[in-house]
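Undergrad: Each number in our numbering corresponds to the 1-based position in the sequence shown with 598 added.
Calculated directly from the structure, the hints in this document are not laboratory data. Even glycine gets a Cβ: it sits at the ideal position worked out from N, Cα and C. Hints should not be assumed to be uniformly reliable.
Claimed, not checked - Per label pair, the in silico range of CB-to-CB distance:
#, residue 1, residue 2, range
1, Ile645, Met599, 16 to 26 Å
2, Ser627, Leu600, 37 to 47 Å
3, Ala608, Asn712, 30 to 40 Å
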Amino acid sequence: MLKTIPDLVATIKPSTRIITAETAAQEISANRGLLIDVREPAECEQIVAANSINIPRGLLEMKMLDLEKDAKRPIYLHCASGIRAIFAAEQLARVGYENVTVISCPMPILSQTNFG
Numbered sequence: 599m600l601k602t603i604p605d606l607v608a609t610i611k612p613s614t615r616i617i618t619a620e621t622a623a624q625e626i627s628a629n630r631g632l633l634i635d636v637r638e639p640a641e642c643e644q645i646v647a648a649n650s651i652n653i654p655r656g657l658l659e660m661k662m663l664d665l666e667k668d669a670k671r672p673i674y675l676h677c678a679s680g681i682r683a684i685f686a687a688e689q690l691a692r693v694g695y696e697n698v699t700v701i702s703c704p705m706p707i708l709s710q711t712n713f714g
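Build the full structure now, drawing on both the sequences and the hints.
TA: Dropping the structure here:
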C-alpha cells in the first residue's frame with residue numbers, strides 16, 4: 599500500500615523534536631546550534647530567517663557532511679510548512695546527527711525572530 603505524505607509524517611513525527619521559533623532562538627544563542635533552511639533557493643529570495651544557512655532538502659545529506667562533522671552539534675531545521683524539515687530531520691538522524699530539531703512556525707514569524 600502506498601503511503602501519503604501525512605502518513606509518512608505521522609510515522610516520523612513522534613521521534614522528532616519540534617519546537618517554536620522563540621525556543622529555537624534561545625537555544626541557538628546558548629548552544630551555538632546551526633540554523634538550516636531546507637527550502638529551495640528561490641523560496642529564500644522572498645523571505646528568510648536571519649543567520650540561517652540555505653541547504654535544500656534534496657542536497658542536505660551531502661552538504662551537511664562538509665558543513666558540520668560534529669554529530670553532537672545542535673542542528674535546527676526549518677522550511678515553509680514544517681513538512682520538509684521533518685523529512686530532513688529523519689535523514690540527518692540516519693546519517694548520524696544526534697541533536698536535530700525541527701522549528702515549526704510560519705515563515706513570517708521565523709523571519710522576524712532574532713536568531714542572533
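Undergrad: Next step is simple, just say for each hint if it's right about the structure.
TA: Going through the hints against the structure:
With their beta carbons about 37 Å apart, isoleucine 645 and methionine 599 fall outside the hinted range of 16 to 26 Å. Checking the proposed 37 to 47 Å range against serine 627 and leucine 600 shows it holds: the Cβ atoms sit about 43 Å from each other. The hinted range of 30 to 40 Å is satisfied by alanine 608 and asparagine 712, whose Cβ atoms lie roughly 33 Å apart.
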